[in-house]
Each structure stands twice: as structure tokens, then as C-alpha cells.
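**Student:** Each chain is listed here by its residues.
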Amino acid sequence: MNADVSSSGPPLVELKGISKRYGDLLANDGIGLSIEPGEIHALLGENGAGKSTLVKILYGVIEPSAGEIRWEGRPVSIGSPVEARALGLGMVFQHFSLFDELTVAENIAVALSGDWSLSTVRAKLGEISRTYGLALDADRAVWTLSAGERQRIEIVRCLLQKPRLLILDEPTSVLTPQEAEHLFGTLERLSAEGCSILYISHKLEEVRRLCRRATILRAGRVVATIDPRASSAREIAALMVGNEVGEVRTDAPQRIQGEMLRVANLSLPPAGLHGQALRNIDLVARAGEVVGIAGVAGNGQSELFAALSGERLADRADAIVIAGKPSGTLGIDARRRLGAAFVPEERLGHAAAPTHRLSENTLISHAASEVSRSGFILLNAAKRVARSIVQGFDVRTPEGDPQARKLSGGNLQKFVIGREIIRRPKLLIVDQPTWGVDAGAARLIRQALVDLARDGSAVVVVSQDLDELFEVADRMAVIHQGSLSPLRPIGEWTREAVGLEMLGVAQAPGATHAV
Amino acid sequence: MTTFEAILLTIVTASTPLLIAAMGELVTERSGVLNLGVEGMMAMGAACSFAAAVTFDSTLLGVAAGIVAGALMAALFALLVLGFAANQTGSGLALTILGLGLSGLIGAPFVGARRDPIAPVDIPGLSDIPVVGRLLFEQDLFVYASIALTVLVALYLGRTRSGLMLRSIGENHTSANALGLPVLSTRFRAILFGGACAGLAGAYLALVYTRFWSPGMTAGRGWIALALVVFAAWRPGWVLVGAYIFGAATVLQLHAQAAQFGVPSQLLSAVPYLATILALLLLSLRHGRAIGTPGSLGVPFVPDR
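Read top to bottom, the protein sequences are chains A and B.
So the first sequence is numbered by my numbering: it starts at 1 and just counts up by one.
So the second sequence is numbered by my numbering: it starts at 1 and just counts up by one.
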């Protein structure tokens, strides 16, 4: 069911039977894929489906265990990124391959092959920036730039090499909706100029907006190549996930009760060199509701989480009131004793100790409860708690009581969230609950958060995933450069309004086409 | 020559080995590798250079032997930390212990031998200028070489493509690898350069500073060089400043001890360390941000292929 892509000669690039094995895991299993000149081709799949492995093979970063790559019909072996670039491939990485302490111009220069001087790089940078509308200041250090600007560096770096095929790995995951729209414009222009694009994503709407052909991966295999405009989002999702993912049910009766969390005029200076200050944050979460905090990464989410959880203390006790008690200067454990629970963003190393067993990991947040007595660990109680989390939250473990690091991301995330929910907290604060988690686990986690709220707890979800917040939140606010927008019922938000708040231009009337 | 001039000259002599060793370590660390074996490589450089100089009666061969010995020790370290991705802290400490022991063995037959001082470069006319003349224009070749080394390292890191690649690799080796920069071979060269510099610094100690060999004669200078790199925030110019502050404080406290101020000599011995830390601390405070630690420093790199 290939779409109508005009092709006279051979495809620009063709992958045949590409496999990559890591020990017992077959990350790529006989993958075939072809891209025509000027085509925007989507590579779709859940986290862990093998997309990143495949593009790393194509870009010469890793070697395939088997298979063949053809470039304009002739077989090639791509042994390194340098060879890939020489062929005409360019790659924009998901986790940017930038050097924080270097300037924009230096970051671009270091990836260019051949002779250069910083002044010629600056001149070329200016030229590309004007042609494609990618504004960049050559002499700024990268650590001072936003995610969108960092991505522009990556794109300019590729364009300077005049690529024939540009690979973008999850390019919009760190962008505001407006920045994403701007990126799509650039990509369409490149495509019109004859540059092929391999667009990797798990966001269906973007793929339907940009691409006429999509290859769908699941568990390392190609399950279909389709025209995303001719298929419904539901059909594509089913192909990606393998079975139909149910929607989160939010129809249980809701009873809003008293305030479990009140944040009043909370300000904190930045913690480190690259930190973000918090500015006059006001926030209320009531028993029975899910409150969502949206925002682009790095706008103060982790600082806000640290302040709420007690990892950083406020200067006034009444800046944060948990269950009626001023707690701004209380530590984490004291806040837990008031009925609060916290799940930080980083599951391995922050929420869980990698080399400790799951039962030992229950101690991290259950220290005040049944798993220890007068300083001694009650091992059997800890094992019992771990077992009930594993059963209650469908955590798939390789053995009975494994080390935390042996669990996959999705399963560990179910465990760390289950560990808090099983304590029946009156207030649960979660940072990025489903980041990097497969669709099945994400649905289970979201449902658990909604159920907890319907059962009478207050839940605060900090997330970069707007779809997630629209699905679970009852009220939502947007964080931008450490300031929080007013909290509004979810029905009053539109995506455009959220995007404008993310850019910090919402208050300016008429500023509808920012960026 | 006045006493004042003599003191200034000894300050230069005390600072030069620190500067050379620290400059080598700076390049190694800028590439993302922490080599704690500077002391061991310096000791080997001192022993091998002295042995070669006495055996062949040639200062030039001695210097060459010192450089080669330091580089060989560094190559061993590189094999461990690059080849086997071994822990850099442990490997570096082991290198120091090995170097101190091995240098004692190599140097044993030469204990008690002496070398004549090497002739300073005398620039006629200029060296007759009062006070600064002899200080600036009648030093041995090593001193000029160490200053040139500082300038070249600064230019290399800041102004060349290869230096930019080295800094990038030290900053983030994962990104560098993804871009196709040669992480391991760049680090190998940086480690060798650091070893060669440490060896040269050792040769300077044995052939110019003391002109004899005794076990443990490096006396912790390798560790000072390591500390200088950190306190100088990985900047060549600041390393130069730090090395000279340390050298000056070392010499001045010796004179203070001789003058018998009534301050405990142990306290005076600590002055160079305190002065260097204080000076470089003030320097970095004034500069505000950017402590400048290379992002991948000390982290083993295992290519994902």
C-alpha cells in the first residue's frame, strides 16, 4: 500500500535486511526501507521499537550485524559518521550532539570536514540563517540557548554540508507548538529543493502533517509501510503498539474536597550555574483533582519539583502548605509524614537506586512506614511491599526481586509510581510520569494517576507531553522561565494558548504568530 | 649579582618544572582524561634523563631519555584507560606508585653522581640591563621552552581545528563520537603529550635544578602540577601564573626560614600551597562563571558499536 511517490531512477537510499543484535536482544530484525529523492519519509514506532538503532546504523555510528545499505542503487558500507557525511547524510540528534561550553560557531566548525576558519563559518552561518529563517547568534555559548535554538544549530550544521538526506530523530520533543510549526516549514522547503528527509517520531499528528510515506517499526521489525494521510490515527497507533491502546477513563465520579497543596508566592534563586530561578509561584491542588503543569523542558520544572518535594527548602514555611500545615521549611520525610508523595523525573538514580533490589528500593520512600522499625529494615515486609507493587501495577520483572537497573524504563517507572500510590498519599507530585515509556505502560500510569485523584487524593503532574496533560488533568498551568501562568480548567485551554504561554508571549495581545 | 636578582632567578628555576608538567596535564585533561600519574612520570623522567646524561655524558640525550620515559609511562596508562576502559583514578595512582619505585631502581647506580650546570642562553647586550636583564635574557633553554610551550598550548587549544576537536572530545565524548571525531586516538595523543611533558619536567629537575639524582626527588611536584591545573580552571595562562606564584612562595619561604622570623618552619613550608590556592581562587571568583571542568573528565569512553 505504498503511496504515489514519483520515482524514475533508483531510490536515494535503500536498506535491505538490516539486523542488529545486542546479546539476546534483537534491536533490529531484517529491516527494509527505501527513501526517494526529495521525499519526507516517516519512521514511526514506540520507544524501544528500534528506530534509534536503525538510524545510528544508517549514520555509521554503530555497525549492523547483518544487512545491506544501497545508496543510489549501489551497495555502500558506512563505517563512521565521517563517511556518512561524505555520502551526503546529515543527522539532527534527539539528544543534541552539542558541546555546552563552546560557542555556536565552534560547535558548527568542529563537525565540518575540510579546511575552515571561524570567520568563514560565521559568514556561512549567517547565509544559511537568512535563507532558511534559522536565527542564531554565532558567538553565544550553547549552554545559554533554548532547546529550539540548539536544534537550529544541529540543523544548520547539517545544511552546511549540503546533505542529500537529512535524518531528524524526534525533532519536536523539546519544541513549543509554534517552534515545531516553524521547523515543518523549513523541512518542506528543503524537500522542495530535492533533499530527502527521514523523520523519526512517535507523534502521529506531525507525521500526518508532513509525510506521504511512513514505515512503522514494532519490536525491531517493519510491520507496515503506509500512507499516513490515508490511515486514521487509531489504525496507525494500533500498528505501532500491536494491540489497540485503550483511552484513559476519566469518567469516574469526581468529588473536589479541601486543599491538599497551596503554594503562595514561592520564589527561589537558581541552584547552579545553568539553573532556573522560580518566580512568585502560586498553585493550589485540591483533593479529588489532577493538576497539570505544562512547559518546555528547562523552564523551572525540576526546580519546582525540588521545592515541592523538599529537596530544596523555601525561605518561608508558609510558601508551601501541605494538608493545612506550613511545610516550606520541612524536609522530604516530614512532608511524607503529612501524607505527601513524590516521584522525580529521573527514575534510575533519583527515584530508584540502580544496584539495589526492588524490595530495598521500597525503603527510599517507605522509611517512615512499615518496612523499618527503630532503624532496622524489616526485610520480609519490604519484600511483601515490593511484591504488591509488582502485582498491582503490572511490573514485568526478569526474576522475583531484581535490581532496579535490570528493569526496562517503562517497568521501572510503573514500579516507582506504584511505590508511591500504594501508600495512598493525600498528595502526589509527579515529574514527567511517562517520559520515555511505551504506550501500554504510559496508559496504565495515567489511569493510576486519575484513579488516585478520583479516590480523593490531590495529584500534581508536571509534564512536557501536552497530549498527556489534556488527557489526565482537570486544571492546568504553564511554566515559563520560572513563572507559572494562572491555573485554569482544562476545557478553557487550547493548544495555541498553551503554546503562547510556553513562549511567554501570552500577555501580549495580538501576538498570535510568534517565533 | 645582587641577592634580589639571585632570588628572582631561583624563583624561575623552581617554577619551570611545575609549569611544564602542568601544561602537559592540562592538555590531557582537556581531552577528558584525568592522569593522576604525573608524579610517577616525572620521577621516571628524572631518573632516566640523569642516567642517560651521565652514561653518555650528554645533556641532550638525557633530556631526550626523560621525554621518552615519561611518554612510555603515559603509553602504559593509555593502554589501561583507553584500551581496557579502566578506572582513570586507580590507574593514575598505580602509575605514580610504579614510577616512584621503578625510578629508584633505574637511578640506584647513579646516586652520588653529579652533572655540571648547563650554560644559560646569553643574549649579549640585553642581559646587561640592570635587574631584569639577567632575569629575562639569561636563562637556560628550558625556561624559554616552557614559556613557548604555554603560548603554543594556548594557541593550539583556542585557535586550531585540532585543538577545538580535542576540547570537544573532552567536553562530551558521546556527542563527539556521534559526530565522528576520533575520541580514542585524540586522547591517546593527549596522554602521550602529558607524559612527555612530565618526563621533560623530571629531566629539568635532575639536570638543572638539583644536578644529582636521589630517590623521591620529585618531592610531590607532580601533585602540585595536578592541583595547579584544577585551580587554574584548565586555562594555560592561569597555569603559568599559578606555577610562578607557587615557585615564588617556595623560594621566599626558604629565605624566611633562613632569616628565622620566629614562625614555625612547618607553617612557612605550607605557605606556597596556601598562596597558590588563594591566588587561583581569587582569579576564578573574579571570573564568575565557568569553572571550566571538561564535561567528560575522568569518564571512561566505550564506543557503542
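Because the hints were derived from the structure by calculation, they are not lab data.
Source: prediction; values computed, not measured.
Where a beta carbon is used, it is the ideal one built from N, C-alpha and C, also for glycine.
It cannot be assumed that every hint is accurate.
A partial selection of chain B residues facing chain A, derived with a Cβ cut-off under 7 Å [what the hints assert, rightly or not]: (1) Asp140; (2) Met165; (3) Ser168; (4) Asn172; (5) Ser175; (6) Leu179; (7) Gly180; (8) Leu184.
Derived coverage of chain A by chain B (criterion: at least 3 residues anywhere in the stretch with Cβ under 8 Å from a Cβ of chain B; other residues may be distant) [what the hints assert, rightly or not]: (9) 74-82; (10) 99-106.
**Student:** State for each hint whether it applies.
**Tutor:** Structure-based check of all given hints:
{"no.": "1", "hint": "Asp140", "verdict": "violated, 37 Å"}
{"no.": "2", "hint": "Met165", "verdict": "holds, 6 Å"}
{"no.": "3", "hint": "Ser168", "verdict": "holds, 5 Å"}
{"no.": "4", "hint": "Asn172", "verdict": "holds, 5 Å"}
{"no.": "5", "hint": "Ser175", "verdict": "holds, 4 Å"}
{"no.": "6", "hint": "Leu179", "verdict": "holds, 5 Å"}
{"no.": "7", "hint": "Gly180", "verdict": "holds, 3 Å"}
{"no.": "8", "hint": "Leu184", "verdict": "violated, 13 Å"}
{"no.": "9", "hint": "74-82", "verdict": "holds (count 3)"}
{"no.": "10", "hint": "99-106", "verdict": "holds (count 5)"}
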